[in-house]
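K.L.:
Chains as they are written, first to last, in the working numbering: chain A, 5 to 493; chain B, 5 to 493.
Simulated from the structure, these hints should not be mistaken for lab results.
Check before you lean on any hint, since a few could be wrong.
[What the hints assert, rightly or not] SDA-like mimics (lysine to any residue), calculated; alpha carbons at most 20 Å apart, straight line:
id, chain 1, residue 1, chain 2, residue 2
1, B, Lys-451, A, Tyr-337
2, B, Lys-451, B, Arg-473
3, A, Lys-47, B, Glu-342
Remember, it's a predicted structure, so these values are computed and weren't measured experimentally.
Number of protein chains: 2
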Amino acid sequence: MSDDKPKGDMDPEAFRREGYRVVDWIARYFEDPGRYPVMSRVKPGEVRAALPASAPESGESFDAILEDFERVIVPGITHWNHPGFFAYFAITGSGPGVLGEMLSAALNAQGMLWRTSPSVTELEEVVMAWLRQLMGLPASFQGVIYDTASVSSLHALAAARQAAVPGVRAEGLAGRGLPRYRVYCSEHAHSSIDKAVILIGLGHDALRKIPADAEFRMRADALQAAIAEDRRAGIVPLAVVATVGTTSTTSVDPVEAIADVCARERAWLHVDCAYAGVAAIIPEYRHVLRGVDRADSVVVNPHKWLFTPFDLSAFYCRRMDALVEAFSLTPEYLRTSETGTVRNLMDTGVQLGRRFRALKLWMVLRYFGADGIRARLGEHMRLARLFASWVDADPDFERLAPVPFSVVCFRARPGGRQWSENELERLNQGLLDRLNASGEVFLSHTKLDGRFVLRLAVGNLRTEERHVRRAWELVKRSAPPSGSDAFPR
Amino acid sequence: MSDDKPKGDMDPEAFRREGYRVVDWIARYFEDPGRYPVMSRVKPGEVRAALPASAPESGESFDAILEDFERVIVPGITHWNHPGFFAYFAITGSGPGVLGEMLSAALNAQGMLWRTSPSVTELEEVVMAWLRQLMGLPASFQGVIYDTASVSSLHALAAARQAAVPGVRAEGLAGRGLPRYRVYCSEHAHSSIDKAVILIGLGHDALRKIPADAEFRMRADALQAAIAEDRRAGIVPLAVVATVGTTSTTSVDPVEAIADVCARERAWLHVDCAYAGVAAIIPEYRHVLRGVDRADSVVVNPHKWLFTPFDLSAFYCRRMDALVEAFSLTPEYLRTSETGTVRNLMDTGVQLGRRFRALKLWMVLRYFGADGIRARLGEHMRLARLFASWVDADPDFERLAPVPFSVVCFRARPGGRQWSENELERLNQGLLDRLNASGEVFLSHTKLDGRFVLRLAVGNLRTEERHVRRAWELVKRSAPPSGSDAFPR
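Chain A with its partners taken away, still in its complex shape (with noise of 0.2 Å):
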């Protein structure tokens, strides 16, 4: 190595000065994203193309860099931080959030074992408690951070499995003349249950899909029924996930009946509030959890409507051994005088490896306190009943789902005219297409029993009231007005 070359790291004094630059990009950004068009403009490859098709053989400035990332990246990003982002579910990389994740990537800790950093491990059981006992679940339940909620489900499934097959982890599932074994879910439950129930080799057709009622809920008489008719052809549940606030609707499946059920059955009853979890946190909606006490495990996630930057998904499990027994294994390499002692991370799920994604979860609870989190969840949800009401009180708009948390279902149905649903599906595709480009607003749809219906997810802490009357406008201009037969492009 020639001594001319730099041998370590860019200096603390260079960092400092960079440092302070992201940051001064970061909070003139926040100052206002509503700036920038809501959903990005580029055309499909162009970020691609506008960036060179190798490394660079020689070290760049940071300056470069930075001034790229401004020309070219920026204008790829769809701006989840924006006011108008109205889209799946909305999410905020608050404050505090990022300034914790600021820390974390400097320490760059990785938390597999307890002495690779016991704050990784400690602190993660501490808000994990902390955030238990804000949405009013009992201490039967031990907690756990993965990256999503998608992993999360999928350990929910795979400690079913633990527990319902005999001897799956040494033998497996194929070869040993096993009965089928079957998951339940409500036909409005996560996609992610369906890939958890592939990937864990229990096949895509083992997932049986219950009907839900009017209200977009799982019926539980139809989950009996299922599983008795399951049971006569031999086939054993494994585990049934609930869902408390599902994808499309929020809808909330009545977990203490299906409670009943898997108490009856002995299946494992996993509960999916990845989104609406955290409303519990306020009084009045300690209700929506009610029955999941009775669950085997929970999903919560942080990232989504906690003001917590992607990722940190919370996994809560009352049988913790099924997924340690799942998942356990400890190699020479990684044994230390305090296995048995102590948690290690590594032995409650796949991922050996595990960030410090405690330390953004503690700031966030710590800086807006539990108060501060209801107010604003609060008005979340005032805001979306507000836009309901004006989807309500106009005779061009419909609304297609009740509004339990903070989305609204709706499509416009102008009067003066009789519509079929292609009709419709074109036209709301057409007013979401329009909606989407004025850059102002980005609303993300569904469908509900065949029909094409927009969400409206108020989810970031940056909408307000004039935010949610800006949408309405936008909606109302970008419809086609009432009696009208016109088919916008």
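Here the structure of chain A is known, so what remains is to put chain B in place on it, guided by the hints.
P.N.:
Quick look at chain B alone, frame taken from chain A:
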């Protein structure tokens, strides 16, 4: 909601002020992480006990939070940034990488779909192509970024299962009269392979560990014999996992010979070069990936030895169709007008949500440049060889494995008397404990053919020759002298 309660996020001016403070903290930290004991000295439960049992009811100042961070959290950190960190695989969250994480956290972009941030998808394609070229892998490999190598290898084996087991996605593994399947790896493969095989439902017994040669490399002849034996018993070979840079000794499996076996047996070949793959960026080390161009999938972790903050695992696949077939699943609420014409990251894995991880890797590759990376990796390997030369020259020590990269496996074996293996284990465990209690260095151990071995892994950007010299001084000082009979506690 009362009017006197805050409704939004930390305001941008406050963010700027606190951001500067955090950057100052990090810059001071980066000046000398060596001022802290490398392995945390807190006792189990100490961090937890220093924090309140419940979240605060009212929000707190960021001042108070930062104070507790310094007072409670930092003492519980094991400093992966410390130049004396020689345990496991030493890593670096470099300056440009940390700045990338700051911007990524602030943008809070979630890249599940192309449209939810085109830059997340396309910059990932760009940097994955850059890294692939740097390592000399052909363009037939497509890349996708996951969090950890555990998850990368899980996806490799899930894709292998998809390719090998007819109908597995729909029908799963149980109750179908399928044959038994087998996955093969060496006895030195990483524990994540065990976990993946368990998770996808094959069962731990389906993983057959192939014996290694005297230099800890999988024996291709033993692999061929094991497959033949299994076939005679009706067991179908599903995949082989070869390792370039095993965890214990960084040995390199004979990938070419293994690829021959896989081709003959039509088994998926996955190569785990999570740690050592990046060595191929140096032309003289290109050969360590010989044969990897014939693999079906490869994992290399920039968060290990490529200066990228944890987490970022690069997964390459030549049969992306199998991966997509295994995981692609588009519910209505995630359907977009671009579906089918662009790449949506959610189609290539179990995780729906994706962080903007590519940004930090892009900044690292540009800031250091290919030649800067080569120089740094080369220097780490020089330092390891230097340490190995001291071990080799000292009659009271012995080296227990070759040093192909930047890890040295050694132990004390003081001259002047005979030792049993039990005595040597006690002696070297004592040596390791004293070294790690010094606060100046942190080493880990493994076992090789029943022998307790210390590992010194060079990999942090701050580690210079003087730190490796100091480590050797401490090793010498902490070991019993030649001729000694005394067993230190």
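K.L.:
Determine for every hint whether it applies to the structure shown.
P.N.:
Hint check results:
1. B:Lys-451 - A:Tyr-337: 7 Å, holds
2. B:Lys-451 - B:Arg-473: This hinted pair is violated, its Cα atoms lying about 25 Å apart.
3. A:Lys-47 - B:Glu-342: Holds, at about 10 Å.
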